[in-house]
Amino acid sequence: MNSVAFAVIAIFTLVFAVAAATNPRLMHAALSFAVMFVGIAAFFFLLGAEFVGLVQIFVYVGAVAVLIVFTILLTRRDAEERHGFKWGGVVVAIGVFVGLVWAILKTNSLPTLPYLVKAVTVKEIGTTLMTQDVWPLMCVGVLLTAALIGALVLVMEDEP
Amino acid sequence: MRAEDVDQVFVHLKGWVLSFLVGHVPDWLVQIASSLLNIAMLLGVFLTLFALMSVFERKILGRIQNRYGPNRVGPFGLFQPVADGIKMLIKEDIVPARADKVVHFLAPIGMAAAAILALGVIPYGNNMTAFVIDGGILFFFAVGSTTELAVFMAGWGSNNKFSLLGAMRAIAQMISYELPLIITVLPVVMVVGSLNPDKIVHAQKYYHFGFVPNWFVLTPWGATAFILFFVSGLVESNRTPFDVPEGESEIVAGHMTEYSGFKYATFFMAEYLGMFAVSGLAVTLFLGGWHAPLPWLGFIPSYVWFFAKLSVLLFVFIWVRGTLPRIRVDHMMNFAWKFMLPMAFTCFVSAAVWHYNGRRLSGWLWSFAIIAIVYVTLSLLLDTRRKFAPRTYRFAE
Amino acid sequence: MIATLQIFLIISAALFSIGLLAALSRRHAIFILIGIEMMLAAANLNFIAFWQFSPVRAPQPVGVMFVIFTIAIAAAEAAVGLAMVIAVYRHFRTTNVDQLTRLKG
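Protein chains in written order, with our numbering: chain S, 1 to 160; chain Z, 1001 to 1397; chain L, 2001 to 2105.
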């Protein structure tokens, strides 16, 4: 059953990722982007990291996607007109993909363990955040505050 | 028949149904059947509750406004939802010609799906949680936050000024009030030490002095957090007095302007289901979940207590709707950022003080003092009664 | 098909390439951001997959920690990036990165 679920989620995620990357209509692409993150969150659920999946949905679908659609709305005059599409990017992307797959298949040292979910509990994450990773946590707090202030300063209108 | 059997009757019923499958079909099929049973039960109960709520709301509102309310269809007008449903189903489904058809179609579905998913993690009784997950509270908010995108899709897909304005207003208020909503939950999570709704309910199981329930609403920080949570819940479910996004006298029906027939009914349903979800979470977090208010009333089944508490909260929702006028949109925003958010953080601090005083009377008094001081300071700072000035307008470019 | 580490890595590589495609080919500034977010998500998937399939179980969930911090930083990046898009749009009246050739406003 897990492999069926896996295949379904994989197809779902990749289809929406392609839609987000190539759909010429901005708003549809942004919404596909949001749906793609639901697929990635489902992967995290499959891999036993429920907390991360939920955070992913919370941050990306709830916040980042809303930010993106608002930005599209605020720059709407530009959204309608045609933007260019560089085919060079497609070549590079396919090249990178082929290279990565080749590297993955050639590597022998990868653990070939069977798929056994070892779920992580919220409590473990919380304990680690408050003991081992407390300094990174503080840094992220400062970074988020700085980003918040920076974003506000950037979009603030100049005084007339 | 013992009290526990009555309490667990639905759990046993489900086990009995599933026992026919065990051994005949593979295990994963049994799992799927179990989930489907949970979903069917959830939908059945809450759609019935939605139908009942729609008729009782109109009746109570009628009483508040000195009239009868619906009383034509069936006994006491109880079949009104059936008539409403048929009306909604046979109405023409109009899609605007210039609408973004796909987005327009998907918006109500996304909204209803989010509301139904959010209902899944609430414990409705002893062993009666549809979807047990370690981070249940986080799941609730993660799913709830996708509603914003659905609202935006409705506003954008309709290709209508009023829809877009309504959607913008709705998203602005939902984002603003999501912060107090989540931060008021944090003290409970902190005190219990778990994000799991079942554990939160379990932590409120005991009674002080043999009769005072250990509900979080009976502590100073809990009471404050409950009120803040309830007000934020009113906003999140777009209810009067915070129904600015669909203020019918200003912007027709907000993001739902271009919806008709069954899609409109879906929006309507999603809104009510969201209201049930927020009320259910408030019951779980602050009002002791499915525990009885007095120890000797424990023989009454747990789900009865849960739904009794839920009905009381829903009645308050209707009562507020019948009593208060709509708030102006800028007042609402000011209220969120200048009052609700600081108060929510105060609850957090106050809960910590309560906890580190050993959860005794001294902690109770200290946390009460903190909340009182912050409340008085904020109300002095935000008092605008004497500061009337000519209103200034700022128009969109 | 059994879900092994290799398959997760290939999915993640595909996601990364799609993100790269969006970042390189599309000329709209928002799409470049979307592409970067996709690449970060692919990296997150790799972290979780390696953590889940690692033969030695560390006492702390290191992969999960990495992903949580990555998500926080990606969110900050998205907020600042989109603010920049809006600021650029106000100034140049376009979001096409090919037309933003002047360093000075």
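Accuracy of the hints is not assured; some may be wrong.
What the hints assert, rightly or not - Calculated pairs, DSS-like style, for lysine-lysine (alpha carbon to alpha carbon, straight line, at most 25 Å):
1) Z:Lys-1205 to S:Lys-123
2) S:Lys-123 to Z:Lys-1059
3) Z:Lys-1014 to Z:Lys-1199
4) Z:Lys-1101 to Z:Lys-1059
Claimed, not checked - Residues on chain S that point at chain Z, a partial pick, calculated with CB under 7 Å:
5) Ala-34
6) Ala-65
7) Leu-67
8) Thr-121
Worth flagging that the hints you see were computed from the coordinates, not collected in a lab. We put the CB at the ideal spot given by N, CA and C, even for glycine.
Hints versus structure:
no.: 1; hint: Z:Lys-1205 to S:Lys-123; verdict: holds (22 Å)
no.: 2; hint: S:Lys-123 to Z:Lys-1059; verdict: violated (47 Å)
no.: 3; hint: Z:Lys-1014 to Z:Lys-1199; verdict: holds (23 Å)
no.: 4; hint: Z:Lys-1101 to Z:Lys-1059; verdict: violated (37 Å)
no.: 5; hint: Ala-34; verdict: holds (6 Å)
no.: 6; hint: Ala-65; verdict: holds (6 Å)
no.: 7; hint: Leu-67; verdict: violated (10 Å)
no.: 8; hint: Thr-121; verdict: holds (6 Å)
Of the numbered hints listed earlier, those contradicted by the structure are 2, 4, 7.
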